Amino acid sequence: MTPLLSVRALRKSYGALRVTDDVSLDVAAGELHAVIGPNGAGKTTLIHQLSGSLRSDSGTVHLAGEDITALPMVARVRRGLARSFQITSILDGFSVLENVALAVQARSGSSFRFFRPAATETRLNAEAMDALGRVGLADRAARRAGSLSHGEKRQLELAVALATKARLLLLDEPLAGTGPEESAILVGLMRELKSTHTIVLIEHDMEAVFALADRMSVLVYGRVIASGAPAAVRSDPAVRAAYLGEEEAA
Amino acid sequence: MSTLVARMAAAPPRRRAILPGAALAGLALAALAALPVAADAAGLPFLVVIATRMMIFGLAALSLDLVLGYGAMVSFGHAAFIGLGAYAVGILDAHGIRDLAVQAPVAALVCALFALVTGAISLRTRGVYFIMITLAFGQMAYFFMVSLAAYGGDDGLPLAGRSTLFGMRLIEGDPALFYAVLAVLAVALLGLRRVVASRFGRVLRGSRDNAVRMQAIGVSPLPYRLTAYVIAGAIAGLAGVLLANQAEFVSPAYMSWQRSGELIVMVVLGGMGTLIGPVMGAAALIALEEVLAHYSDHWRLGLGLMLVAVVLLSRGGLAGLAAKLGRRA
Ligand SMILES: Nc1ncnc2c1ncn2[C@@H]1O[C@H](COP(=O)(O)OP(=O)(O)OP(=O)(O)O)[C@@H](O)[C@H]1O
Ligand SMILES: [Mg+2]
Chain F
4 MTPLLSVRAL RKSYGALRVT DDVSLDVAAG ELHAVIGPNG AGKTTLIHQL SGSLRSDSGT
64 VHLAGEDITA LPMVARVRRG LARSFQITSI LDGFSVLENV ALAVQARSGS SFRFFRPAAT
124 ETRLNAEAMD ALGRVGLADR AARRAGSLSH GEKRQLELAV ALATKARLLL LDEPLAGTGP
184 EESAILVGLM RELKSTHTIV LIEHDMEAVF ALADRMSVLV YGRVIASGAP AAVRSDPAVR
244 AAYLGEEEAA
Chain E
924 MSTLVARMAA APPRRRAILP GAALAGLALA ALAALPVAAD AAGLPFLVVI ATRMMIFGLA
984 ALSLDLVLGY GAMVSFGHAA FIGLGAYAVG ILDAHGIRDL AVQAPVAALV CALFALVTGA
1044 ISLRTRGVYF IMITLAFGQM AYFFMVSLAA YGGDDGLPLA GRSTLFGMRL IEGDPALFYA
1104 VLAVLAVALL GLRRVVASRF GRVLRGSRDN AVRMQAIGVS PLPYRLTAYV IAGAIAGLAG
1164 VLLANQAEFV SPAYMSWQRS GELIVMVVLG GMGTLIGPVM GAAALIALEE VLAHYSDHWR
1224 LGLGLMLVAV VLLSRGGLAG LAAKLGRRA
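Residue numbers (my numbering), protein chains in the order written: chain F, 4 to 253; chain E, 924 to 1252.
Quick caveat, the hints were computed from the structure, so don't treat them as lab data.
Don't take every hint at face value.
What the hints assert, rightly or not - Calculated cross-link-like contacts (lysine to any residue; reagent style SDA-like; alpha-carbon spacing at most 20 angstroms):
{"no.": "1", "chain 1": "F", "residue 1": "K197", "chain 2": "F", "residue 2": "F213"}
{"no.": "2", "chain 1": "F", "residue 1": "K197", "chain 2": "F", "residue 2": "D217"}
{"no.": "3", "chain 1": "F", "residue 1": "K168", "chain 2": "E", "residue 2": "Q1138"}
{"no.": "4", "chain 1": "E", "residue 1": "K1247", "chain 2": "F", "residue 2": "G96"}
{"no.": "5", "chain 1": "F", "residue 1": "K197", "chain 2": "F", "residue 2": "G136"}
{"no.": "6", "chain 1": "F", "residue 1": "K168", "chain 2": "E", "residue 2": "S1143"}
{"no.": "7", "chain 1": "F", "residue 1": "K168", "chain 2": "E", "residue 2": "V1135"}
{"no.": "8", "chain 1": "F", "residue 1": "K168", "chain 2": "F", "residue 2": "K197"}
{"no.": "9", "chain 1": "F", "residue 1": "K168", "chain 2": "F", "residue 2": "H153"}
{"no.": "10", "chain 1": "E", "residue 1": "K1247", "chain 2": "E", "residue 2": "V1231"}
{"no.": "11", "chain 1": "F", "residue 1": "K168", "chain 2": "F", "residue 2": "I71"}
{"no.": "12", "chain 1": "F", "residue 1": "K168", "chain 2": "F", "residue 2": "A187"}
Said to hold, decoys possible - The following label-pair restraints were derived from C-beta to C-beta distances:
{"no.": "13", "chain 1": "F", "residue 1": "R81", "chain 2": "E", "residue 2": "V960", "range": "54 to 62 angstroms"}
{"no.": "14", "chain 1": "F", "residue 1": "S150", "chain 2": "E", "residue 2": "H1221", "range": "41 to 49 angstroms"}
{"no.": "15", "chain 1": "E", "residue 1": "G1050", "chain 2": "F", "residue 2": "L57", "range": "15 to 23 angstroms"}
All figures in this text were calculated on a predicted structure; none of them were measured in a lab.
The C-beta atom is built at its ideal place from N, Cα and C for all residues, glycine as well.
Please take these sequences and the hints and turn them into a complete structure.
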């Protein structure tokens, strides 16, 4: 079976700095693939390249067998790829519901409609409420998105990604900056999303990673130094030396 | 369930006033409708002329708000559309075509085309570059008209008279023109209110707040921004049609960069992204012009101080200030 996401020999350099260095990985449908690595390893850059917000120098990206290497972000989203951002990116001035309803609107029908009030389109709102329900934000629907707590904003980002009806979610440190309670909620949420979505998860929180990942890759200086089942990766000497060792020593 | 959802979405966290908006609008409309009669009774017919001018620029500022307030596109060439609309009337008039049924669509179409072409180019840039490039296009239109000797060039072009509508001389008198402008303004205001709340308006607002977020949900902002730019251009063109009729004269001065700057001031002074605010801003600016210019040639200094005060007191401009006072009362 072809993997849902297939990355081959991807590269990206900033001047002399190789940020993505010959990265190849496959993510099977239904799998949660974690990418870990120290700060500055190139994880966010990789997400940018996969989502299409950054052009790669060379290499290919296939989604469900289709070569999407040359497609811009908007076209990739239409093919079922959604991402979240390391630094929360929502529409602060919109209501929580409208943030999600806009994502529903983006994939259902034309947005060149000028007279009917969008806020009363019950179908958009109902689908948005579904997504909010899944992330546990239904009771916040009418709130201004900017007034949510940090953890709730993270949940909202997930709801927006869900509302695009993506098959593949690229999540860039969804736990960044969250407290233990918020973190537990989000981990529970991702465990649930796993059952319906293929996920590439970038995360520093090792506990979360080992709790969630089916497979994982370790990125150091832009290179994948190990890839495979979590248990195998965990005991890989190179990984212990380069990354996990530091963690335990700290 | 679904009605609850609809209601929650329809009640975004927005400012609330003591009087419902519809009642306020009705009151304002009634007061305005009575103005020509009252001005006539008081022996101050020039008030009607000034009020008409306020509404014409209010219409232009309103259209700029779609671009500036809802689209975050700081267009510094918006007066060009007023000028083009006015010249559509002037040039057609010079060829004996004096009916609004032809003039208005031609003006709107010319402006929409100009907006489409210049917008498609300008919108490749953002920020300061967008300001500069729209300014440049505005100046190009200005100098084109200045050099158009056949239609008066620098001296401008007098009309043979006010336009007719389906052959009828409906806006001959100043009160009649006043009512016509009031009607156009009211329709534009109500229309744009719907537009900014529509699917299109939602995408436009979302792109203003966070363009990357829009791309991440699969929406490229450019076509929506361009469409807003075209709609705004066409409406400003209609303001030009009305301005030409009021003055019975068209001149390149209508499209000077200072005029474009004043339109921005009207929008900011009135309150960006509020629609009604820029109309109030236009009225305030023209009132100041009339009053202050009476006392001093340096009236713009007073205007500058006013602008600083309003912006500091309320980021929402006059509209924001009014809402604040309304809540306190
Ligand atoms: N636009 C850019 N220009 C130059 N260098 C960049 C640019 N973007 C990222 N880098 C560099 O590329 C490297 C990888 O950055 P990236 O953000 O992908 O790391 P990361 O693995 O996501 O780190 P973190 O764990 O801190 O989020 C860093 O050294 C960074 O300084
Ligand atoms: Mg990162």
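Non-conforming hints, listed in increasing numerical order: Hint check: 9 and 12 fail, others pass.
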